[in-house]
Amino acid sequence: MTSVAIAAPNTAAAEAGEAIVRAGGNAIDAALAAAFVAMVNEVGLVSASAGGFLTIQPPDGSAPVTIDGWMDTPGRGCPDRFGQGTWDVVTDYGGGVTITVGPGSVATHGAIAAFGEAHRRWGHLPWSELLAPAIDVARGGFRLSAASRYYLSYVHDTIFGWDDASRAAVHDAQGRVAEDHLVVPHLADSFERIARHGPQELYTGELGHAVAEDVLARGGILGPDDLAAYAPVVRPALTARMEGWTLGTNPPPAVGGVSVAAMLRLMAGHGLTDTEHLLRVQRRVLGERLRTFDHTDDLDRDAAAFLDLIDRDGIAALESGSTAHVSTADAEGTACSVTISSGYSSGMIARETGIWLNNCLGEQELNPRGLHGLPPGSRLLSNMAPTVGRHVDGGVLSIGSPGADRITTAIVQALTGLVEDGLTLQEAIDHPRLHVHRAGTEDEEIKVEDPDHLSMYFGGVSGAMSTAEGTLVAAADPRRDGATRVVGRLR
Numbered sequence: 062m063t064s065v066a067i068a069a070p071n072t073a074a075a076e077a078g079e080a081i082v083r084a085g086g087n088a089i090d091a092a093l094a095a096a097f098v099a100m101v102n103e104v105g106l107v108s109a110s111a112g113g114f115l116t117i118q119p120p121d122g123s124a125p126v127t128i129d130g131w132m133d134t135p136g137r138g139c140p141d142r143f144g145q146g147t148w149d150v151v152t153d154y155g156g157g158v159t160i161t162v163g164p165g166s167v168a169t170h171g172a173i174a175a176f177g178e179a180h181r182r183w184g185h186l187p188w189s190e191l192l193a194p195a196i197d198v199a200r201g202g203f204r205l206s207a208a209s210r211y212y213l214s215y216v217h218d219t220i221f222g223w224d225d226a227s228r229a230a231v232h233d234a235q236g237r238v239a240e241d242h243l244v245v246p247h248l249a250d251s252f253e254r255i256a257r258h259g260p261q262e263l264y265t266g267e268l269g270h271a272v273a274e275d276v277l278a279r280g281g282i283l284g285p286d287d288l289a290a291y292a293p294v295v296r297p298a299l300t301a302r303m304e305g306w307t308l309g310t311n312p313p314p315a316v317g318g319v320s321v322a323a324m325l326r327l328m329a330g331h332g333l334t335d336t337e338h339l340l341r342v343q344r345r346v347l348g349e350r351l352r353t354f355d356h357t358d359d360l361d362r363d364a365a366a367f368l369d370l371i372d373r374d375g376i377a378a379l380e381s382g383s384t385a386h387v388s389t390a391d392a393e394g395t396a397c398s399v400t401i402s403s404g405y406s407s408g409m410i411a412r413e414t415g416i417w418l419n420n421c422l423g424e425q426e427l428n429p430r431g432l433h434g435l436p437p438g439s440r441l442l443s444n445m446a447p448t449v450g451r452h453v454d455g456g457v458l459s460i461g462s463p464g465a466d467r468i469t470t471a472i473v474q475a476l477t478g479l480v481e482d483g484l485t486l487q488e489a490i491d492h493p494r495l496h497v498h499r500a501g502t503e504d505e506e507i508k509v510e511d512p513d514h515l516s517m518y519f520g521g522v523s524g525a526m527s528t529a530e531g532t533l534v535a536a537a538d539p540r541r542d543g544a545t546r547v548v549g550r551l552r
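Per this note's numbering, the sequence shown starts with residue 62, numbered consecutively.
Note that these hints are calculated values from the structure, not bench results.
The reader is advised that the hints may include incorrect statements.
[Unchecked claim] Now the in silico label distances, taken between C-beta atoms and shown as ranges:
id, residue 1, residue 2, range
1, R257, A278, 24 to 34 Å
2, R228, G332, 44 to 54 Å
3, S189, L340, 10 to 20 Å
4, Y211, S123, 21 to 31 Å
5, S123, E530, 20 to 30 Å
6, V509, G122, 15 to 25 Å
[What the hints assert, rightly or not] No farther apart than 20 Å at their CA atoms in a straight line, the calculated lysine to aspartate or glutamate pairs in the DMTMM-like style are these:
id, residue 1, residue 2
7, K508, D335
8, K508, E253
9, K508, D491
10, K508, D153
All of these numbers come straight from a predicted model, not from anything done at the bench.
Every residue, glycine too, gets a C-beta built ideally from N, C-alpha and C.
With the hints as extra help, turn the sequences into a complete structure.
Take a look at the structure:
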């Protein structure tokens with residue numbers, strides 16, 4: 062049995078990873094099983110209609126890769142529907158945000174296709190075994206996580222109340238959020254179909270057709286041609302180096318990895334106690350993202366130029382939530398970092414599937430060209446930055462975080478504490494954080510975390526390590542419901 066460290070969003074997800082390891086699975090298998098459970102019980106944050114990214118350090122020591130399973134823009138064959146099928150919800154969640162929901166907000170999901178690609182390349186156990194824990198959780202019922210309860214406390218009526226199946230699933234008989242024992246009708250059956258027929262069931266199988274047909278029937282633009290055309294993309298990870306570590310993170314077209322790589326390069330030689338430098342780094346990098354990356358027509362070009370500028374001139378060159386994450390690492394040298402999201406949720410369950418559908422076309426920060434502003438088949442923007450690392454001594458690391466635009470700053474501060482300050486992984490994750498909100502704009506705000514009251518706002522980092530000596534470490538963020546397991550023989 063391979064020894065594996067697992068850090069997951071909740072206890073049920075961590076237990077799923079542990080069960081898979083005990084059955085003979087590796088770090089990839091464990092990460093996928095934990096992520097499947099999160100798709101069941103992290104309601105409002107992720108679902109089978111999620112998009113996401115996996116960054117993987119292969120066990121042979123070769124360069125890390127990222128599997129892009131993020132959202133595509135749908136709408137093949139129905140341009141007459143563009144700009145329709147949505148409405149806005151204003152909520153105080155996250156300090157106040159306007160969320161676009163409804164059938165027209167549903168993008169082409171990609172996470173499960175990406176999971177299939179990772180399993181095909183590196184998985185040990187049969188695909189169906191990886192879904193068994195999620196099926197059990199869906200059939201037996203589950204308690205909402207703290208993050209789900211918090212989010213639903215704001216939007217259980219406005220977003221999750223317009224669709225009859227959604228309203229029934231998240232409310233008790235008194236109309237309150239049903240926290241204790243949710244059983245979503247048809248959800249276990251849908252996961253059983255994915256287990257039996259493989260990831261393509263959600264794209265070209267009966268389940269995928271059921272999702273697309275319901276979206277189209279209700280005025281959305283996701284159709285069967287969009288699902289059939291979807292494919293995950295495998296890319297070399299974007300790298301940065303810090304004190305003996307080669308770190309791989311999410312490359313373009315995602316903007317999150319570019320921000321992480323830039324900040325890590327600028328934080329080299331500086332610890333978390335150098336708050337003045339940390340603020341300068343966040344201001345410059347996050348400000349550049351707002352000015353350039355969110356509006357570029359060629360992110361690969363602009364990101365490369367930006368990182369080259371940093372390598373040449375350092376910071377002087379720049380002077381002028383709703384996700385879930387799983388990290389695993391094993392004694393064979395594999396590290397797997399998985400971040401997935403369904404946006405804020407469209408509020409819609411596809412009929413007789415139990416699957417809440419995403420609203421990523423309605424996430425305004427991911428669609429700077431406006432609703433339905435990209436041609437069908439285009440990848441949306443993403444803040445996600447699942448990250449892995451390999452040390453010169455052979456140790457490996459997996460780390461990542463949920464938290465919308467705080468994903469990047471949370472990851473960078475945890476890595477800085479670990480690498481530059483010599484903190485343990487848990488100490489680095491526990492350390493209070495700061496975040497520059499709307500950097501470089503008139504409404505810029507520096508948010509500093511109270512060390513006595515750690516806040517979910519500042520992300521939910523989870524990490525797993527396998528040291529050169531064979532010691533396994535897993536660490537979860539006290540800001541959320543994260544859980545860890547270390548399974549197998551320890552040397």
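Okay, the hints, checked on the actual structure:
1. R257 with A278: 24 to 34 Å: 26 Å, holds
2. R228 with G332: 44 to 54 Å: 49 Å, holds
3. S189 with L340: 10 to 20 Å: 49 Å, violated
4. Y211 with S123: 21 to 31 Å: Since the Cβ atoms of Y211 and S123 sit about 40 Å apart, the hinted range of 21 to 31 Å is violated.
5. S123 with E530: 20 to 30 Å: 22 Å, holds
6. V509 with G122: 15 to 25 Å: Since the Cβ atoms of V509 and G122 sit about 40 Å apart, the hinted range of 15 to 25 Å is violated.
7. K508 with D335: Holds - the C-alpha atoms of D335 and K508 are around 16 Å apart, at most 20 Å.
8. K508 with E253: Roughly 44 Å separates the two Cα atoms, so the pair is violated.
9. K508 with D491: 17 Å, holds
10. K508 with D153: 17 Å, holds
Violated hints, in rising order: 3, 4, 6 and 8; the structure is consistent with all others.
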